Each structure stands twice: as C-alpha cells, then as structure tokens.
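Below, each chain spelled out in residue letters.
2 protein chains.
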Amino acid sequence: MSVEPGQTSVGFIGLGVMGQSMAGHILNAGYELHVHTRTRQKAEIILSKGAVWEDTVGRLSRKCDVIITMVGFPADVEDVYLGPDGILNHAGKGTVVIDMTTSSPDLAVRIYEQAKLFSIECLDAPVSGGDLGALNATLSIMAGGDKKIFDKMIPLFEVMGKNIVFQGKAGSGQHTKMANQIAIAAGMVAVCESLAYAKKAGLDPQTVLKSIGQGAAGSWSLNNLGPRMIAGDLEPGFYIKHFIKDMKIAIASSSRSGLRTPGLDLAMSLYEKTVKMGYENKGTQALFKLFE
Amino acid sequence: MSVEPGQTSVGFIGLGVMGQSMAGHILNAGYELHVHTRTRQKAEIILSKGAVWEDTVGRLSRKCDVIITMVGFPADVEDVYLGPDGILNHAGKGTVVIDMTTSSPDLAVRIYEQAKLFSIECLDAPVSGGDLGALNATLSIMAGGDKKIFDKMIPLFEVMGKNIVFQGKAGSGQHTKMANQIAIAAGMVAVCESLAYAKKAGLDPQTVLKSIGQGAAGSWSLNNLGPRMIAGDLEPGFYIKHFIKDMKIAIASSSRSGLRTPGLDLAMSLYEKTVKMGYENKGTQALFKLFE
Chain P
1 MSVEPGQTSV GFIGLGVMGQ SMAGHILNAG YELHVHTRTR QKAEIILSKG AVWEDTVGRL
61 SRKCDVIITM VGFPADVEDV YLGPDGILNH AGKGTVVIDM TTSSPDLAVR IYEQAKLFSI
121 ECLDAPVSGG DLGALNATLS IMAGGDKKIF DKMIPLFEVM GKNIVFQGKA GSGQHTKMAN
181 QIAIAAGMVA VCESLAYAKK AGLDPQTVLK SIGQGAAGSW SLNNLGPRMI AGDLEPGFYI
241 KHFIKDMKIA IASSSRSGLR TPGLDLAMSL YEKTVKMGYE NKGTQALFKL FE
Chain Y
1 MSVEPGQTSV GFIGLGVMGQ SMAGHILNAG YELHVHTRTR QKAEIILSKG AVWEDTVGRL
61 SRKCDVIITM VGFPADVEDV YLGPDGILNH AGKGTVVIDM TTSSPDLAVR IYEQAKLFSI
121 ECLDAPVSGG DLGALNATLS IMAGGDKKIF DKMIPLFEVM GKNIVFQGKA GSGQHTKMAN
181 QIAIAAGMVA VCESLAYAKK AGLDPQTVLK SIGQGAAGSW SLNNLGPRMI AGDLEPGFYI
241 KHFIKDMKIA IASSSRSGLR TPGLDLAMSL YEKTVKMGYE NKGTQALFKL FE
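Residue numbers (the working numbering), protein chains in the order written: chain P, 1 to 292; chain Y, 1 to 292.
Next comes chain P alone, as it looks inside the complex (with noise of 0.2 Å):
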C-alpha cells in the first residue's frame, strides 16, 4: 500500500497539544482522518473541521489503513496497542501502526514482534520540536522498523515534519529519541550552572550571552532556554514531567545495556527537586530555579 490523500483512511489516537496539531495537518493534506482520545472534549475543534469521531480504540482500528498514536506514558502506548480494545486485536492485516509517543525501545520493538504476528506492519516514530514544531509541521521525525514501510509512510510524515530520518531496525526510533533526550539533559545542568555563575559574579547575563551564545559554549539550550531562566520565564515549551518521563526510560535503557550516566543521573535527580518545589507543570528552563 501507498498512502494518498482521498485514498488512506488514518486514525490518530491521542489529542493533546502535539497530537492535535499533527492530526489537523493530516486532515488538512486530504487524508480521511478518524480520531479517539481519552477526553473527547479535545477532539472538538478537529472534528468541527471534518474528522470522524471513533468511541473506542478497537472501533477507529477496525476502519483505518494507518494508525498514529500519540499517547503520554508507555503505560499508555501498551494499553492502547496490546490491551483487550487494543490495537492488534482490531486492525486488519496489512495494516500500519506509527506510534510517535516518545516511549520505551524495548515495548517498541516487543509491539513490533506482536503486531508481526497480526501481519501487522509497525514503525517507532517519535519526534522532537515540541508544541511549535507540531504546530509548524518542523518536527525532527525519527523512525524505527522496516525500511520499506518506512519509505511508504514519507508522504504522511512530511506534512507532520521536515526532518525526517530512519534510524533503523524496530526500537531505533526510540533510542534515538533516547540519545537526544540524554543530550538535553546534563546540558541542562550546565546551561543553569552557567548562567547562575555569570549573575552570582555581578555580569549581565544578557550581555554574556552576547560573548558565548555563538562559540564553543553554544547550544540550542543556552540561546533559547538561557534568556527565558534570565527573565525568569517559566512558561512550558517543555514540560517538567513530561522530561523527567523521557529521562525514566532513558535511565533504565541505559542501565539495561550496562552504560553508565553520571550526567543524565545527576539531571534527573536535580529535575526531581525542581518537582519537589513544584515546578512539575513548568518548562524545563525552571530548573534554573535550583541555582539562582
């Protein structure tokens, strides 16, 4: 199968920030789009625009050619695909399921071998961009599973990224997600530690960044996280909780191939005192929060 605007039905599992944008782009594209998530009020403003309700994850399975599930916890990614109205029991063959949750590598390869058992195709697909990039239709995509389903899906990812990149074998997308998350992370640590440094010294943390945004100090995280801590800005771009889930699966990935993290241990640990102070619900800039 090929997909094709007015020719593949999809189902996208999962309404919430990002999965109601990425979800609108599809329906916008052409593609005949029908929707389930756990509280139908966020679907609303996709369905006033043409998308078809479904009650139940087994109902939206039975009638779509590709499924998409953007879901919150690997908790979730498992009941919505192995549960009793999950996903495998429901679709028919032949059919592909994407799951761009950011979830566990070894429940995506252990849902890939499942879904094969259904003759079922399956890609780990899971993005980074956040809110803005889903909105944008910039999401960095990085895929997992076979080659040749992946090939397939190209036309459906890219009204949902620009970034498209297949990593390899089923679980690749995952631990690639992993290694960027795991990047993020103690970097983290020293974007604050910098920053906290400079105001502590008496500087102008604007005008430091001036002199080491640009060099050897530089990162996503200093120029774009740094002048939100200085402006004590604590508006989520990226949740709290939803960094500290993607550093859990990181940690035991990690730890299940006998790697050692000191920096990512020493984040998670930080970001768990940044909990404690009740930052959960904030952007992961608030960690500044622990240095000031």
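Keep in mind that the hints were calculated from the coordinates and are not lab data. Incorrect hints may appear among the rest.
Simulated restraints, written as ranges between beta carbons of each label pair [as the list claims (entries may be wrong)]:
#1 Y:Asp204 <-> P:Asp204: 39 to 45 Å
#2 Y:Gly92 <-> P:Asp204: 29 to 35 Å
#3 Y:Gln206 <-> P:Ala75: 52 to 58 Å
#4 P:Arg38 <-> Y:Lys147: 34 to 40 Å
#5 P:Gly30 <-> Y:Ile154: 54 to 60 Å
#6 P:Arg256 <-> Y:Asp204: 16 to 22 Å
#7 Y:Lys63 <-> P:Lys210: 34 to 40 Å
#8 Y:Gly83 <-> P:Lys210: 30 to 36 Å
#9 Y:Lys276 <-> P:Ser257: 20 to 26 Å
Partial list, derived from the structure: chain Y residues whose beta carbon lies under 8 Å from chain P [stated by the list, open to error]:
#10 Ser128
#11 Asn163
#12 Ala186
#13 Val208
#14 Leu266
A quick note: this is a predicted structure, and the numbers were derived from the prediction, not measured. The beta-carbon is built from N, C-alpha and C at its ideal position, and this holds for glycine as well.
Based on the hints, put chain Y in the right spot on chain P.
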C-alpha cells in the same frame, strides 16, 4: 592615547599556538611589535617577519605603549605582571596592559588595582575560539576593565577577533570566560553519554546526529566534537590539560561566591580520570573514551 599602526608600539608576551597567531595579526596590521616568550625558538617565525625580540619582560615593558599577555597558568600571569621583572615594575605611566590568558577573575582584579597605583591602564580580555579562531582572527573576545580604555583598544581587538564584547568592570572578562567554560563542562558529559548510548543501542551515531544535531539537543560540542568522538579522532582542538586548568579556576571562583556546581564538579572528576588514562595532551573530545 589611541591605537594606530605606525604610531603605537605593541608588546606581546607568550607565543604559544594561540599567541603566535594573534601576534602575527598585529604585525600584519602594521603595528611595531615587540615580543617575548619563555622559549625563544617559538618566536623565530614572527621575528623573521619583522617583530623585535626582547630578552626580558622588563625590557619589553619599557618600550611599548600597549602590552598584551597570552601565557599559561594564573601563576604565570602573576609572575609576568607582579613579579620583580614584571610589567608593572617597568612599564611607563599610561601604558595599557591587556591579559588575554584565561586566568583567575580575582587575580585580574588584583592586577587592575595594582596597575592603577602605577597609573597603568589594565584590561582582562580572555578569548574563546581556539587555535582556529586565533588563526582566522575570528576569536570571541570578552573584556573587563574601564570602558573608555576598552573602546580605545577596539581597533587592536578587531585584528584578532570578531565577537568583541565589553562585559563590565575589572575581572568581568575572566568571569565571562568562566561562564563559557562552565557551559561547556557538563555539556561535554551530555554529548558523550548521548553518543555512547546511541552506539550501545546499535544505532549508527552519524545517522543519529542527523536527527538530533539541529534540534533542542543541538550544541557546538555535539556537532563539532561529536563526529570526532565517533571517528576516534583525539587530535587536540582544545587540550584536556588546559580545560582542566580552566575548570579548576571556575570551581574555585564558584565556591568563593557560594554557588554549587554539581555538573561542573562531575565534569572535572571525569576529566581527571582521562588524565589518569593518559589523555592529558589530547583534545577535550577524548572524554568519550570513558563512556565507549
């Protein structure tokens, strides 16, 4: 005084890899250049191009309107400025001295205050950008001291660098450089852990960089040193031994201001391990050897 080729005589002390390039730009710009360095052999190239050799710091100091230092450790800076044959004992009133070594902010303040007693003007102006930045005159220069002296020295800075920023009173240049090194320190740990994770997960790290290099995990270290880590290329762009020197100053300076820096401390302890493994004279990317 203002600086002008043909009018201003410039002294340059310290002709290591960085110093040789920087002094070369000053000579090429048409300034009368006097040089001194511990190992005369290192001056040969620049002497052959027309620089004048001075046997001692004192002799150099008596002949120059502006004196730039680019030496090794804070102890060297202290000796060159405050020692018996040091600059302050020999330079004339109104001389401008500029320390571009990465050194202790406290020492920079001490030298500034001593210099005032001798009616000598003093700036601290460390750089970032490494060998290549020095060679290509694209250094980032972060300066502290009196703004009116900084302004007068801009033409001289411009022959060596591109991003020239006044950061505040004496010591502020060094403090800014410390903020720069602190942002790099735990960030390097993050990059190593991320790429080591990718390798252990069986991914192709080059392909992973395509997914994660440009988004929220992106950094100069990831994009420039990551490929060298993957390739096993340990050639020094920036020496581990020099980075350790800088981190020591940063840790001392943080602790004096009561700032806790667990990420910096972690990076320091890991880099100390690389020294034990024999990587002192390798580039900072050799940290990856601890994680591979």
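Right, here's what the structure says about each hint:
1. Y:Asp204 <-> P:Asp204: 39 to 45 Å: holds (43 Å)
2. Y:Gly92 <-> P:Asp204: 29 to 35 Å: The hinted range 29 to 35 Å holds for Gly92 of chain Y and Asp204 of chain P, with Cβ atoms some 34 Å apart.
3. Y:Gln206 <-> P:Ala75: 52 to 58 Å: violated (34 Å)
4. P:Arg38 <-> Y:Lys147: 34 to 40 Å: violated (59 Å)
5. P:Gly30 <-> Y:Ile154: 54 to 60 Å: With a Cβ separation near 58 Å, Gly30 of chain P and Ile154 of chain Y satisfy 54 to 60 Å, so the hint holds.
6. P:Arg256 <-> Y:Asp204: 16 to 22 Å: holds (20 Å)
7. Y:Lys63 <-> P:Lys210: 34 to 40 Å: holds (35 Å)
8. Y:Gly83 <-> P:Lys210: 30 to 36 Å: holds (35 Å)
9. Y:Lys276 <-> P:Ser257: 20 to 26 Å: holds (25 Å)
10. Ser128: It holds, given that the least Cβ distance between Ser128 of chain Y and chain P is near 5 Å, below 8 Å.
11. Asn163: holds (7 Å)
12. Ala186: Nearest chain P Cβ about 4 Å off; hint holds.
13. Val208: Check passed: Cβ of Val208 of chain Y comes within 5 Å of chain P, closer than 8 Å.
14. Leu266: holds (6 Å)
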